[in-house]
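Asks: Residue strings, one per chain:
Protein chains: 2
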Amino acid sequence: MDIMRDNYCVIMGGGIGSRFWPFSRENRPKQFLDFFGVGRSLIQQTFDRFNQVIPTENIYIATNKNYAALVKEQLPEITDSQILLEPTRRNTAPCIAYAAYRIQALNPNANIAVTPADHLILHEQNFLMNIQKGLNFVAKFPSLLTLGVRPNRPETGYGYIQTEEGGTDNIQKVKAFTEKPDYELAKVFFESGEFFWNSGIFIWNVQTILDAFRMYLPEIANRLDQGLDLYNTPGEAAFIEEHYPVFQNISIDYGIMEKANNVYMLMADFGWSDLGTWGSLYDISEKDEDQNAVLKCKSLFIESENNLLTLPEKKLAVIQGLNDYIIAESDEILLICKKADEQRIKQFVADIAMKYGEKYL
Amino acid sequence: MDIMRDNYCVIMGGGIGSRFWPFSRENRPKQFLDFFGVGRSLIQQTFDRFNQVIPTENIYIATNKNYAALVKEQLPEITDSQILLEPTRRNTAPCIAYAAYRIQALNPNANIAVTPADHLILHEQNFLMNIQKGLNFVAKFPSLLTLGVRPNRPETGYGYIQTEEGGTDNIQKVKAFTEKPDYELAKVFFESGEFFWNSGIFIWNVQTILDAFRMYLPEIANRLDQGLDLYNTPGEAAFIEEHYPVFQNISIDYGIMEKANNVYMLMADFGWSDLGTWGSLYDISEKDEDQNAVLKCKSLFIESENNLLTLPEKKLAVIQGLNDYIIAESDEILLICKKADEQRIKQFVADIAMKYGEKYL
Numbered sequence: 299m300d301i302m303r304d305n306y307c308v309i310m311g312g313g314i315g316s317r318f319w320p321f322s323r324e325n326r327p328k329q330f331l332d333f334f335g336v337g338r339s340l341i342q343q344t345f346d347r348f349n350q351v352i353p354t355e356n357i358y359i360a361t362n363k364n365y366a367a368l369v370k371e372q373l374p375e376i377t378d379s380q381i382l383l384e385p386t387r388r389n390t391a392p393c394i395a396y397a398a399y400r401i402q403a404l405n406p407n408a409n410i411a412v413t414p415a416d417h418l419i420l421h422e423q424n425f426l427m428n429i430q431k432g433l434n435f436v437a438k439f440p441s442l443l444t445l446g447v448r449p450n451r452p453e454t455g456y457g458y459i460q461t462e463e464g465g466t467d468n469i470q471k472v473k474a475f476t477e478k479p480d481y482e483l484a485k486v487f488f489e490s491g492e493f494f495w496n497s498g499i500f501i502w503n504v505q506t507i508l509d510a511f512r513m514y515l516p517e518i519a520n521r522l523d524q525g526l527d528l529y530n531t532p533g534e535a536a537f538i539e540e541h542y543p544v545f546q547n548i549s550i551d552y553g554i555m556e557k558a559n560n561v562y563m564l565m566a567d568f569g570w571s572d573l574g575t576w577g578s579l580y581d582i583s584e585k586d587e588d589q590n591a592v593l594k595c596k597s598l599f600i601e602s603e604n605n606l607l608t609l610p611e612k613k614l615a616v617i618q619g620l621n622d623y624i625i626a627e628s629d630e631i632l633l634i635c636k637k638a639d640e641q642r643i644k645q646f647v648a649d650i651a652m653k654y655g656e657k658y659l
Numbered sequence: 299m300d301i302m303r304d305n306y307c308v309i310m311g312g313g314i315g316s317r318f319w320p321f322s323r324e325n326r327p328k329q330f331l332d333f334f335g336v337g338r339s340l341i342q343q344t345f346d347r348f349n350q351v352i353p354t355e356n357i358y359i360a361t362n363k364n365y366a367a368l369v370k371e372q373l374p375e376i377t378d379s380q381i382l383l384e385p386t387r388r389n390t391a392p393c394i395a396y397a398a399y400r401i402q403a404l405n406p407n408a409n410i411a412v413t414p415a416d417h418l419i420l421h422e423q424n425f426l427m428n429i430q431k432g433l434n435f436v437a438k439f440p441s442l443l444t445l446g447v448r449p450n451r452p453e454t455g456y457g458y459i460q461t462e463e464g465g466t467d468n469i470q471k472v473k474a475f476t477e478k479p480d481y482e483l484a485k486v487f488f489e490s491g492e493f494f495w496n497s498g499i500f501i502w503n504v505q506t507i508l509d510a511f512r513m514y515l516p517e518i519a520n521r522l523d524q525g526l527d528l529y530n531t532p533g534e535a536a537f538i539e540e541h542y543p544v545f546q547n548i549s550i551d552y553g554i555m556e557k558a559n560n561v562y563m564l565m566a567d568f569g570w571s572d573l574g575t576w577g578s579l580y581d582i583s584e585k586d587e588d589q590n591a592v593l594k595c596k597s598l599f600i601e602s603e604n605n606l607l608t609l610p611e612k613k614l615a616v617i618q619g620l621n622d623y624i625i626a627e628s629d630e631i632l633l634i635c636k637k638a639d640e641q642r643i644k645q646f647v648a649d650i651a652m653k654y655g656e657k658y659l
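Same order as they appear, the protein sequences are chains A and B. First residue of the first sequence: 299, per the numbering used here; consecutive thereafter. First residue of the second sequence: 299, per the numbering used here; consecutive thereafter.
Careful, some of the hints might be misleading.
One copy or two, it doesn't matter: identical chains are merged, so the pair holds either way.
[Claimed, not checked] No farther apart than 30 Å at their CA atoms in a straight line, the calculated lysine-lysine pairs in the DSSO-like style are these:
no. : residue 1 : residue 2
1   : Lys585    : Lys485
2   : Lys431    : Lys657
3   : Lys485    : Lys471
4   : Lys657    : Lys585
5   : Lys612    : Lys596
6   : Lys653    : Lys585
7   : Lys613    : Lys431
8   : Lys636    : Lys613
9   : Lys644    : Lys612
10  : Lys596    : Lys644
11  : Lys471    : Lys612
12  : Lys438    : Lys644
13  : Lys637    : Lys594
14  : Lys636    : Lys471
15  : Lys644    : Lys594
16  : Lys612    : Lys657
17  : Lys644    : Lys613
18  : Lys478    : Lys644
19  : Lys473    : Lys636
20  : Lys596    : Lys438
Keep in mind the hints are simulated off the structure, nothing from the lab.
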């Protein structure tokens with residue numbers, strides 16, 4: 299059997315991306331948007347990327363059931379059975395567990411790459427080379443592998459990974475995970491050269507991750523073990539519908555990665571951003587000589603620096619006397635907000651919903 | 299003959315309004331726009347207003363020939379013969395002269411109110427009462443009457459009129475016209491109570507204005523006198539096409555009003571703005587408690603004061619941390635500009651045309 303046949307991918311695309319409002323909206327979250335005007339949405343780009351090393355039929359999309367139609371529309375290449383529908387939002391651990399049980403029912407030798415749908419990868423070939431290296435590694439060693447990215451700045455928006463000495467071929471045992479640090483700590487991490495960004499992209503053999511669930515999140519594993527006869531049958535949907543909402547809301551990092559002792563990190567450098575905030579988008583965007591980043595639209599800046607501007611294509615903006623702002627328009631909504639205050643956007647959106655109704659969420 | 303039959307109106311609607319970019323564009327200047335979302339453009343509002351005291355068939359529109367189709371579309375009430383087409387842009391004096399010659403050919407007793415198409419009048423009944431008072435005055439006294447507006451602030455964007463002592467019923471002889479003053483002088487004017495804004499709305503009998511042209515702008519009068527047999531005939535268009543481009547580019551204020559000795563001012567107070575700039579629009583707009591003025595769209599302001607916001611209807615803007623800006627979108631163009639720098643908009647537009655082409659003019 300071709301080793302490729304054992305390689306799977308699970309694309310997690312159920313989030314709301316509320317920090318990217320007004321681009322990202324409840325009924326059309328950011329993974330379904332063509333952020334950069336390249337003609338493909340983020341989830342489509344993620345699919346395209348993995349499809350170069352994973353057979354189409356082995357790519358699964360885990361998403362909230364509200365987005366099933368969007369997934370089918372944007373990814374006509376996959377069948378309905380490749381869409382894993384989450385009845386409720388329950389963070390990454392339940393989602394990953396469900397996908398693992400389904401895939402095990404199909405192929406108990408599966409090696410699985412798990413990835414968010416909405417990340418930006420600039421150096422695709424380097425990325426794919428690392429994914430293959432990781433898939434090969436987990437096929438041989440029963441490990442939980444995470445992709446660590448070498449930091450290029452003291453970013454406070456990411457979690458960090460510290461590794462132990464030793465290791466080969468850029469794969470090292472993980473010593474500790476650290477939640478998002480404050481700026482001073484992030485600076486220490488960055489300058490030490492010993493810390494890596496936690497990309498949230500994982501690779502493991504299906505048996506390794508199922509063992510980890512049984513060990514560290516037994517409430518989830520015990521419930522899902524009851525459905526072993528149902529995965530990949532017509533009975534699966536009702537079974538998931540019943541059990542999924544009961545799962546605790548917990549991330550794979552917190553539930554398993556920070557606890558297991560077979561966690562490894564593959565050190566990589568493929569131009570990565572989680573596109574978690576407008577600021578992260580600004581950081582990775584090309585800028586003009588005044589450090590203005592413009593996506594999609596035409597623009598003229600006068601006495602304006604360090605802005606992120608994104609309007610629908612064909613639009614033109616003339617901006618004078620503005621520094622350090624986000625100017626973003628999408629779907630009839632214009633946001634003008636200081637970059638430094640972007641963490642408050644969620645509150646602005648809540649205020650808008652109070653004033654004008656939930657259709658603006 | 300009904301005295302009403304002698305009353306005429308000339309609406310001057312040939313300007314570009316370039317200071318109101320991006321609302322006002324070369325192919326759709328501001329007089330043709332529904333600035334306030336009331337359902338009628340400025341020229342339509344001007345027509346509606348005068349049509350309450352002037353018979354429809356006595357209302358003439360003077361405009362650049364490029365805008366003939368727009369006038370016909372927006373004012374289907376009038377006939378083609380009521381549209382006076384200027385072959386080239388030549389300021390107000392040639393336009394007013396042409397209209398006077400045409401109207402004289404139809405009615406040598408005509409009393410004419412001449413008005414820009416794009417001014418805002420808030421107190422319509424008061425305005426119309428003054429127009430009628432003025433028409434009655436000029437029918438009896440061979441005078442050049444201008445409407446003077448009592449200032450409510452030391453505005454530097456308007457010309458001022460000083461009148462002589464005496465006069466009756468709010469009509470006084472004009473002592474002097476003053477061009478746009480600097481702020482210190484405007485403050486003196488405002489506080490003295492003796493100066494009035496020059497509204498650019500004039501009333502006179504057709505013979506009085508023709509006499510004034512023959513006296514003060516004989517080059518224009520001599521040429522137009524050659525066509526006395528042609529006005530209101532099929533030969534008029536060719537005659538105007540030949541002579542109009544030769545006229546000097548001169549305003550009625552500079553060419554006649556500042557020189558003639560039969561100039562009177564009707565003092566009025568009808569909530570007037572020439573809508574000459576974004577700032578003048580801001581001044582007359584309703585504002586929220588933070589002095590933000592919003593036209594048409596929905597909005598949420600956070601830590602933002604003294605802004606003028608106008609987006610197309612149905613749009614929503616969320617604006618945080620912005621003070622004293624113009625935020626204006628029209629026709630796929632977004633302008634964000636400090637209110638204090640609005641006089642530079644013309645230059646921004648020129649720069650845009652250099653960068654992206656003349657379609658943005």
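Asks: With identical chains, the pair Lys613 and Lys431 could be close in the same copy or across copies; at 30 Å between alpha carbons, which is it: within, between, both, or neither?
Replies: So Lys613 and Lys431 fail the 30 Å test inside a copy (43 Å) and across (49 Å) alike.
Asks: Regarding Lys585 and Lys485, is the shortest C-alpha distance of 30 Å or less found within a copy, between copies, in both, or in neither?
Replies: Within one copy only: 24 Å inside, 46 Å across.
Asks: For Lys657 vs Lys585, is the C-alpha pair at or below 30 Å within one copy, between two copies, both, or neither?
Replies: between (33 Å within a copy, 26 Å between copies)
Asks: Within a copy, between copies, both or neither: which one fits Lys471 and Lys612 at a CA-CA cutoff of 30 Å?
Replies: neither (49 Å within a copy, 55 Å between copies)
Asks: What label fits Lys473 with Lys636 when the C-alpha limit is 30 Å: within, between, both, or neither?
Replies: For Lys473 and Lys636, neither the intra-copy (37 Å) nor the inter-copy (53 Å) Cα distance is at most 30 Å.
Asks: Within a copy, between copies, both or neither: where do Lys644 and Lys613 come within 30 Å Cα-Cα?
Replies: Cα proximity of Lys644 and Lys613: in one copy and across copies (26 Å, 19 Å).
Asks: My question is about Lys636 and Lys471: at a cut-off of 30 Å on alpha-carbon distance, are they close within one copy, between copies, both, or neither?
Replies: Neither. Shortest intra-copy (40 Å) and inter-copy (55 Å) distances fail the 30 Å Cα cut-off.
Asks: Using 30 Å as the alpha carbon limit, work out where Lys485 and Lys471 are close: within a copy, between copies, both or neither.
Replies: Classified as within; 23 Å inside a copy, 76 Å across copies.
Asks: Have a look at Lys596 and Lys644 and pick one of within, between, both or neither, based on CA distance no larger than 30 Å.
Replies: both (28 Å within a copy, 18 Å between copies)
Asks: Checking an output row: Lys612 and Lys596, CA cutoff 30 Å. Within, between, both or neither?
Replies: Close inside one copy (7 Å) and across copies (23 Å); limit 30 Å.
Asks: Since the copies are identical, ignore which copy is meant and state whether Lys596 and Lys438 lie within 30 Å (CA to CA) inside a copy, between copies, both or neither.
Replies: Neither. Shortest intra-copy (51 Å) and inter-copy (59 Å) distances fail the 30 Å Cα cut-off.
Asks: Within a copy, between copies, both or neither: which one fits Lys431 and Lys657 at a CA-CA cutoff of 30 Å?
Replies: neither (45 Å within a copy, 53 Å between copies)
In this structure, the earlier hints numbered 2, 7, 11, 12, 14, 19 and 20 are contradicted, and the remaining ones agree with it.
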